[in-house]
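These protein sequence lines map, in sequence, to chains A and B.
Position one of the first sequence corresponds to residue 1 (the numbering used here), numbered consecutively onward.
Position one of the second sequence corresponds to residue 1001 (the numbering used here), numbered consecutively onward.
Keep in mind the hints are simulated off the structure, nothing from the lab.
Source: prediction; values computed, not measured.
All C-beta atoms, glycine included, are put in the ideal place defined by N, C-alpha and C.
Careful: at least some of the hints might be erroneous.
Which stretches of chain B does chain A cover? Using the computed rule of at least three CB atoms under 8 Å from a CB of chain A, they are [as the list claims (entries may be wrong)]:
#, segment
1, 1016-1030
2, 1127-1136
3, 1174-1188
4, 1226-1239
5, 1307-1315
PhoX-like cross-link-like pairs, simulated, lysine-lysine; straight-line CA separation at most 20 Å [unchecked claim]:
#, chain 1, residue 1, chain 2, residue 2
6, A, Lys229, B, Lys1409
7, B, Lys1293, B, Lys1269
8, B, Lys1229, A, Lys409
9, A, Lys81, A, Lys46
10, A, Lys229, A, Lys46
11, A, Lys300, A, Lys269
Protein chains: 2
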Amino acid sequence: MKSIQPLIIKTAKAAIALRQATDSQIKKALQLLASELEADSAVLLKANALDVSKQDPASPRTDRLLLNPQRIKSIAQSIRKVSRLPDPSGRLLEKRTLPNGLKLEKRAVPLGVVGAIYESRPNVTFDIAALCLRSRNGCLLKGSQEALATNKAALVIIHKVLKVSGIDPNCVTLLPAERENVQELFTATRYVDVLIPRGSDSLIQYVRANSRVPVIETGAGVCHVYVEKGADLDMAVAIVVNAKVSRPSVCNSMDTLLVDKAVASSFLKKLKGPLEKSGVEVFADAAAGGLLKGYPYLKKAKSSDFAREFLSLKCAVKVVGGIDEALEHIRRYSTRHSEAIVSRDQQQCERFLLEVDAAAVYANASTRFTDGEEFGLGAEIGISTQKLHARGPFALEKLVTEKWIVRGKGQVRE
Amino acid sequence: MKSIQPLIIKTAKAAIALRQATDSQIKKALQLLASELEADSAVLLKANALDVSKQDPASPRTDRLLLNPQRIKSIAQSIRKVSRLPDPSGRLLEKRTLPNGLKLEKRAVPLGVVGAIYESRPNVTFDIAALCLRSRNGCLLKGSQEALATNKAALVIIHKVLKVSGIDPNCVTLLPAERENVQELFTATRYVDVLIPRGSDSLIQYVRANSRVPVIETGAGVCHVYVEKGADLDMAVAIVVNAKVSRPSVCNSMDTLLVDKAVASSFLKKLKGPLEKSGVEVFADAAAGGLLKGYPYLKKAKSSDFAREFLSLKCAVKVVGGIDEALEHIRRYSTRHSEAIVSRDQQQCERFLLEVDAAAVYANASTRFTDGEEFGLGAEIGISTQKLHARGPFALEKLVTEKWIVRGKGQVRE
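Go ahead and model the full structure; you've got the sequences and the hints to work with.
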C-alpha cells in the first residue's frame, strides 16, 4: 500500500496558498464549478453508471450512490448557494490597541486542511469541496471504494475548474479508497486539522475512537416534545404530528412525546386519529397506554424505549406530572439535539428554554426546523450535538479557527 | 473506593439552578469570597502548613503547594478581577426572524459542568471556582493528595460564601484526591461537559489519552522569532532578548531564533553581548555557529534541538536564506503557539502574519505577550494550541457553548 503522506503534504501546502486567493476568484471558481458540472454531466454519469453496475440494485446503498441529471442539477444548485455565502475566514472578531501601543486583532482564519471520511453519496464530494474552497481550507476526500469511478470523474471536473481559476488544484485531493490507509489520516496531526466523518453512526464512532486528529461529529437525536398543561391542544397536535411524521428518518424528528397529566386525556384523544392515519407505532408508558386503549399500533414501553432514536414512524409516549418531571426526563434521556415545549404559558416556556440543555430548544414549534438551511446558515455538514466549537447546525461559518494578529513597533514585555 | 457519581450528579443539578441566579448575586458572591478568603486566611494557612509539613522541603512541588499571606492576597485580587469581568453566558450571538415568523436567537450558555484536574497549586482551586461561578458553570475540582487539607479548607470558605449568597454550594465540589476515581470522571459524559487538565505535560497527555469527556488542553510552545533582512537590528536584539530572557520558564518564551543570512553576521554580533550577559546557551546550526565563534555557551545544534521547548535559558539559532525558508522551518517545527517576525518591510510582515499558522502571530513585538491578562481577557486557564473551540489565551469568555433558542406560534415544517 502506498503512503498517502505525500498527498496530505501537497494539500496542506496548497491550502496555504489558498489564503491569498481573492474572494472573487473563489466565488467565480465555485460558480464555474456549478456550470461545468452541468456541462460535463455526461462524463460523470458514465463513471457513475460503472460504479452502480457493480452494486446490488436492491440495496439502499446503491440508490445513495446513484447520480442522475436531476441529482446533478441539485448538486450544482447547492454549489451556487455556497458561492453566494460570505467567506467565514478573515472575519474580524475583535480589535483593540493595548496601552503599550500593540495593535491586536482576533480574526477568523481557515482551519487549514479538513479531512472528510464518507460513504457512497457522491454529492458529499462536491459539498465538502465547495464548503472548503469557500472557507479557504484544503480538503482531503476519503470516499468509499464503491464510488471510486464517480469520485475520480468528479475530481477531474473540480481540478479543471481550479486550474482555470488560477487556484492550485492540490487544494482538493481525493485519497485512495482503500480502507487501510485511513490510519495515516488519523495520525496526520501536523497536516490535517479536523476530520469530519459523514455517514452511519458506526462510521462516526470508528473515526472518533481511532483518530488523533480532532473530530467534529454530528450526533444522533433523541428529541422530545413536551405538551405542557397550558398548551393550545390543536397546535400541539399539529406540532407533534409534524415533528414525528414529516420526515421520520432524520435526526431532528420527534422520538418521545411527554404529556402533562392534566391534559393527557383530552390531548391523546385528539392526537390518536392523526397518528393512526400515518401508521405511527406508539410505545406508551402505563398511563399513556391506558388513555390510548384501542389504538391499533400500541406497544408497552420498556424504559430503554425512551432512549431510542427511532428514525422511523415510531415514538415513545409518557405522561408526566408537570414541568419538573418533564425536565428531569429530558435531562436523563436527551441526546441534546432538539427539544420542544408547547404551551401558552410564557413563564413555563421560558423556564424550559433556559433549563433544557440542547443544541436547539423550541417553544411552540416543531423540532424539525433544526437544520442549517432552515436557520439561514446555508448547506450544513450535519447537526453537532457536542458542546465545543460547533453546536447545532454545523455549516460553513464553523470551518474556521481563530488567530491573534499583533502588530508592534518593537514592544517588549516587562 | 466510594463512587464519585453522586457528587458529580449533585454538581450537575446545582449547575442548572446557577443559570437562574442574578448577575449581581454572582458578582457579590465573588467579592465576598475575596474578602472572606483574606479574613479567614488563618484557617487556610494552618491547613496548608499541615500539607506542607508532609512534603520534602527541598522539592519545587513544595514551593508550589505553599501559601503565605502574600499569595493569599494575590488570589483574592485575582478573584476580584474575575468578579468585574462580564458574564460570558447569556450573550446574544445572533438574532433573526425567519420568513415563517420563527424567532431565532443564538446565545452563549454555560458549558454545564467543568472538571479541573490539577496538581499541587492551591490557587487553581480558587481560580477555577471563580471562573466557573462567573460563567455559571458547576465545577468539579480534582486536586492532588498533597494539597488535600488546603483544598478542604478552601472549600469550607467557598461553601460558606455560596450559602450566604443564596447559591447552592454544590456548584463547587471538591472530589476525593485518590487518583483511581479519576476514571469515573473520564467517563461521566452525561454530566461533565469538559475536562481541563492543569499542570505538567504528562498530566495533560494522560487526561487527553484517557478521557471520553472532551478535553481542553493547553499546549507546549516551540516559539520562533524571525529576524528578516529588513529588520531594525537594535529592535530585533531587544525583542529576541526579551522573548528569551524575561521569563524563560513559560510557554510563550522564544525557543528558536531564525536570522536572515543577509543580516546574520551584523545581527549576531550585536546579539552576542546581551545573550552572554544572561548566560543563554545557544544551539547553533553550522552557519550561525561560524558567526558566533568564541561565544562561551555555544553548542552545535542537532536537528532535534529545533523541536525543543527549552523552558530555560537556552535557544536554537539558525540562519535562513529568506522568508520562504523561515516559513518552511516554522511550518515544520512550530507547535502553533506564538511566532514573531522583526522587519521594517511591511509586505514581508503581512505575509508572515497571513501565512504562519499559530494561535498568536507578531510583527515587531515579543512573543511574551501571548497571555490572557496582557490581551485584556482577564485571568486565563492556559494557552490553547488546539484549533477547535478555544485558540490562544483560554479565558472566561470560552467557558461557554452555544444554544439556539427558537420561539414560535405553532410553526411546523413543510
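Against the structure, the hints come out as follows:
1. With a threshold of 8 Å between beta carbons, the proposed coverage of the segment 1016-1030 of chain B by chain A holds, since 3 of its residues qualify and at least three are required.
2. Coverage of a stretch by a chain is defined here by at least three residues with a beta carbon nearer than 8 Å to that chain's beta carbons; for the segment 1127-1136 of chain B and chain A the count is 0, and the condition is violated.
3. Under the rule that three or more residues need a Cβ within less than 8 Å of chain A, the assignment of the segment 1174-1188 of chain B is violated, with 0 such residues.
4. Evaluation of the coverage hint for the segment 1226-1239 of chain B: fulfilled, as 4 residues show C-beta separations to chain A shorter than 8 Å, against a requirement of three.
5. Chain A is given as covering the segment 1307-1315 of chain B, and this is violated because 0 residues of the stretch bring a CB closer than 8 Å to a CB of that chain, at least three being needed.
6. For the suggested pair A/Lys229 and B/Lys1409, the alpha carbons sit about 16 Å apart, so the restraint of at most 20 Å is met.
7. For a cut-off of 20 Å, the pair hint linking B/Lys1293 to B/Lys1269 stands: about 10 Å separates their Cα positions.
8. Taking the CA atoms of B/Lys1229 and A/Lys409, the gap is near 16 Å; set against the 20 Å cutoff, the hint holds.
9. Annotation: proposed proximity of A/Lys81 to A/Lys46 is violated, straight-line Cα distance about 26 Å (limit 20 Å).
10. Taking the CA atoms of A/Lys229 and A/Lys46, the gap is about 58 Å. The hint is violated against a cut of 20 Å.
11. Distance restraint check for A/Lys300 and A/Lys269: the Cα-Cα separation of roughly 18 Å lies within the 20 Å cut-off, and the hinted pair is therefore satisfied.
When held up to the earlier numbered hints, the structure conflicts with 2, 3, 5, 9 and 10 and fits the remainder.
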